[in-house]
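S.K.: Residue numbers (my numbering), protein chains in the order written: chain F, 1 to 501; chain A, 1001 to 1327.
Hint data in this document are derived by calculation from the structure and do not stem from the laboratory.
Check the hints yourself; a few may be wrong.
[Stated by the list, open to error] A few chain A residues that don't get close to chain F, going by computed Cβ distances all over 12 Å:
1. 1051
2. 1056
3. 1160
4. 1309
[As the list claims (entries may be wrong)] Just so you have them, the derived chain A footprint on chain F, three or more residues with Cβ under 8 Å:
5. 216 to 228
6. 286 to 300
7. 350 to 358
[Stated by the list, open to error] Partial pick of chain A residues on the chain F-facing surface, computed with a CB cut under 10 Å:
8. 1041
9. 1143
10. 1173
11. 1188
12. 1190
13. 1268
Computed from a prediction, not measured in an experiment: that's the story for all the values here.
Beta carbons are placed, not taken as given, at the ideal position from N, Cα and C, and that holds for glycine.
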Amino acid sequence: MAGLGDQPRTHVELAGVSKHFGAVRALDGVSLSIARGSIHALVGENGAGKSTLGKIVAGVLAPDAGRLLLDGEEVALRSPREALVRGVAAIGQEVNVVPQLTVEENVFLGAEPRGAGFVSRRALRRRYEQLAETAGLNLPAATPAGRLAPAEQQKVEILRALARNAELIVMDEPTAALGAEETAQLHEIVRSLARAGRTVLLVSHFLREVLALADEVTVLRDGQVVRTAPAGEQTEDSLIHAMLGRPLTAAFPPKRAASEDALAVLTVRDLHAPHVEGVSLTVHAGEIVALAGLVGAGRTELARAVYGAARPTAGSVELATGDALSGGPRARLRAGVAMIPESRKEDGLLLGRSVTENVSLASLGAVSRYGFVRRGAERRRTREALDRWTVRADSLGSPASSLSGGNQQKLLFARVLLCGPKVLLADEPTRGVDIGAKRAIYDLLAALADEGLGVLLISSELEEVLGLAHRVLVMRAGRIVDELAGEQMTESAVLAAAFAA
Amino acid sequence: MSAAAGMPRRRPMHPSHPAERLRATGIALPFVALFVTLSIASSSFLTKVNLLNILDQQAATLIIAAAGTLVLVAGGIDLSVGAVYSLAGVTGAELASRTSPVVAIVLGVGVGLAVGLVNGLVVTRLRINALIATLAMSFVVSGLGTLITHGNLVVLFEHPEFGDLARTHIFGVKSSIWIALVAVVVIGVLLARTTAGRYMYASGGNAEAARLAGVRVDAMRVLTFVVSGGAAGLAGVIDASRVLSAQAASGDTLAFTVLAGIVVGGTSILGGEGAVWRTFLGVLFIALIGNGYDLLGLDPLYEQITLGVILLTAVAIDSWARSRPDR
Chain F
1 MAGLGDQPRT HVELAGVSKH FGAVRALDGV SLSIARGSIH ALVGENGAGK STLGKIVAGV
61 LAPDAGRLLL DGEEVALRSP REALVRGVAA IGQEVNVVPQ LTVEENVFLG AEPRGAGFVS
121 RRALRRRYEQ LAETAGLNLP AATPAGRLAP AEQQKVEILR ALARNAELIV MDEPTAALGA
181 EETAQLHEIV RSLARAGRTV LLVSHFLREV LALADEVTVL RDGQVVRTAP AGEQTEDSLI
241 HAMLGRPLTA AFPPKRAASE DALAVLTVRD LHAPHVEGVS LTVHAGEIVA LAGLVGAGRT
301 ELARAVYGAA RPTAGSVELA TGDALSGGPR ARLRAGVAMI PESRKEDGLL LGRSVTENVS
361 LASLGAVSRY GFVRRGAERR RTREALDRWT VRADSLGSPA SSLSGGNQQK LLFARVLLCG
421 PKVLLADEPT RGVDIGAKRA IYDLLAALAD EGLGVLLISS ELEEVLGLAH RVLVMRAGRI
481 VDELAGEQMT ESAVLAAAFA A
Chain A
1001 MSAAAGMPRR RPMHPSHPAE RLRATGIALP FVALFVTLSI ASSSFLTKVN LLNILDQQAA
1061 TLIIAAAGTL VLVAGGIDLS VGAVYSLAGV TGAELASRTS PVVAIVLGVG VGLAVGLVNG
1121 LVVTRLRINA LIATLAMSFV VSGLGTLITH GNLVVLFEHP EFGDLARTHI FGVKSSIWIA
1181 LVAVVVIGVL LARTTAGRYM YASGGNAEAA RLAGVRVDAM RVLTFVVSGG AAGLAGVIDA
1241 SRVLSAQAAS GDTLAFTVLA GIVVGGTSIL GGEGAVWRTF LGVLFIALIG NGYDLLGLDP
1301 LYEQITLGVI LLTAVAIDSW ARSRPDR
């Protein structure tokens, strides 16, 4: 498929593409070309413009300036639908399937084989089976898509793109919501797409993924191309250097060992809750304990049960005082347990409300009198908290949605830390934040442990688990199946415990 | 999880977004424009009599809509206010014809508070969608009202002392207006300045986030329904006092008038956003349109069409402001 000569044909070309959002310059004169049948990765910090670029190619956004050429022909894509007609399909990080419709209906949504205006179910099934076979993706045709796991739903989207004969597939963080096994599967699919001559534009945060998959990598910083280079010539360090404009000194803050006789600040005994099948664990003051495991192993459910967000059916949660905790999140917060939820948008932020309101929400009592909010005191305290935990916000009055992912996450830290917790449950605290902010969050977690907090960290990034934690508890199927500390804490040991049948 | 987390797509509320600015100034501009237009177009508009008359007529709607704003902000909706208004009116009127006006007023408002409490408990405890729960409740309450009056008009012309509640002049302004203004200010302060108000915004904006931050979301929702019920009760009693009569069907369309005022003011039907001062202007905006049609002698047929178009415009602006700038 790769053209007539030996030279790979250019499939996509961008020339001087710029895009503004209000005063924010998202892309500034980006030029880049992508060879047909290649996997081209876009990397950069949050806000560097990589998703914006992906959206322009996919017709979701129109550029303010510059040209987009497909196969040498200038095109103006005004909508994803137009892009689809030109053979461009987009697969976002959020899965877009209609949960009530079956897999096959989703795949052919909007392009159903019809006879006299009615959908021909038999033709639908036949075409679906053909397509699934060619693509090598096995999904039950008649199952409602809503019942599938996220990774399977993503396959539905890929099939949908293939059903429209998409030549170019733009993938924005396709593995962000996937576990290790599912990620590996998706990687294989991406490779096979390229082998079949389709071009993949991969927007990704995960440098390892990029290095493993891509033929070429384009690094963006502040809306400009830093460089485009063959992936084989790049390393994680070289990419980070290019993304940040400086080398990242150390990925993790130094670990300070918790003292031997440190108090147990959190003791969980035989806790049962949905997807939690009898978990016992202890976290000491000054200690970071990581919960590792595959997606679906019950880590988030465990954290939510400890926090009282999901009611435990049996077992107890005790603090240093030895009293068993009861009640919901409100009671836990007062007792000194805080949680950073897994999804900051769904379970954390009031996106439309101001930074101040978001920060003070959990501790409003401290800045109010007779039920009235003392707004001056509230602003002062918020300002202090933001400075202390290095949250960058234009103004305290701007909505939480205007912050970057990293700052949103730090805002949630500020919110719960103002309650003065003894125990912090942090569920995927660095998910979807850029490298600079990641390091800041690592530093914050380490500093909190230094101050004597007990931290229970849930993370799907193994590096993070190994780099931060004093101890690692590996969960599988709702139980803790292994505990690793010191020398035992290796990638292979964690993976072995997580995957073991 | 998402590379786009900090990307412009996720910045729907960027202050420079035109729809966001439009919503921020919101109802104030069109209100002033309409006010000025009417002042120029009709010599009888900008007179003390006319303006006070509008406020007097809108007293009940203003009180209910101010409270309804809380319900909407906290993520609920209260369609029972019209029925509660009627029930409180006839309860108050019946009692006023037998006992002292004070008892009549207190129990009239009490009926509203009680229905509000039931609404709140049904919505939060039984987890029934607020729209359906309060719609069902409106039938029940409406039926109770008819039961009390046997379908008749309750007339109080022999008990003019009950009229003092709404008809006493203070500084040349009727007490109905004073009560409405005080109610609007108190409810407005509750929402804008108190911790309870903050929790209402949080509960309506993101209930799960609020719960995880220790907010008693259900308690806040119940509170908003109680305030709404109490406000509808007060409004019913005031109107009964204003016209010295009451009937069970008087509030049949009131719930929708109230909702229209709230939404035209710019409070989001989806919860988490809104303000009482907006509702105040929204209700009066609609009232001014009606007044304008009267004063200018326009065909009242078009009044409803105008209202509908304005309502759609308000909702469109809200959804435009919520939508992402790049979509």
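S.K.: Give a verdict on every hint.
M.R.: Hint-by-hint comparison with the structure:
Even its closest Cβ contact with chain F, about 32 Å, leaves residue 1051 of chain A beyond 12 Å, as expected for a residue assigned away from the interface. Under the 12 Å C-beta cut-off, the non-interface status given to residue 1056 of chain A relative to chain F holds; the minimum distance is some 31 Å. The non-interface label for residue 1160 of chain A is consistent with chain F: the shortest C-beta to C-beta separation is roughly 39 Å, beyond 12 Å. Separation of residue 1309 of chain A from chain F is adequate, the least Cβ-Cβ distance of about 26 Å exceeding the 12 Å criterion.
Coverage of the segment 216 to 228 of chain F by chain A is violated in this model, with 0 residues showing a Cβ closer than 8 Å to a Cβ of that chain against a need of three. Three residues within the 8 Å Cβ limit are the bar, and the segment 286 to 300 of chain F against chain A gives 0, so the coverage statement is violated. Figure legend: the segment 350 to 358 of chain F, annotated as covered by chain A; annotation consistent (5 residues with Cβ-Cβ distances under 8 Å, at least 3 required). Using the Cβ-Cβ criterion of 10 Å, the hint placing residue 1041 of chain A at the interface with chain F is not satisfied: the shortest such distance is roughly 38 Å.
Hint status for residue 1143 of chain A relative to chain F: violated, with the closest Cβ pair at about 37 Å, above 10 Å. For the restraint placing residue 1173 of chain A at the interface with chain F, the shortest Cβ-Cβ distance is roughly 28 Å, beyond the 10 Å limit, so the hint is violated. Interface hint status for residue 1188 of chain A: violated, as the beta-carbon distance to the closest one in chain F is roughly 13 Å, over 10 Å. A cut of 10 Å between beta carbons decides the hint on residue 1190 of chain A: the least distance to chain F is about 9 Å, and the hint holds.
The beta carbon of residue 1268 of chain A is positioned within 10 Å of a beta carbon in chain F (closest approach about 9 Å), and the interface hint is therefore held.
The structure is inconsistent with the numbered hints 5, 6, 8, 9, 10, 11, although it conforms to all the rest.
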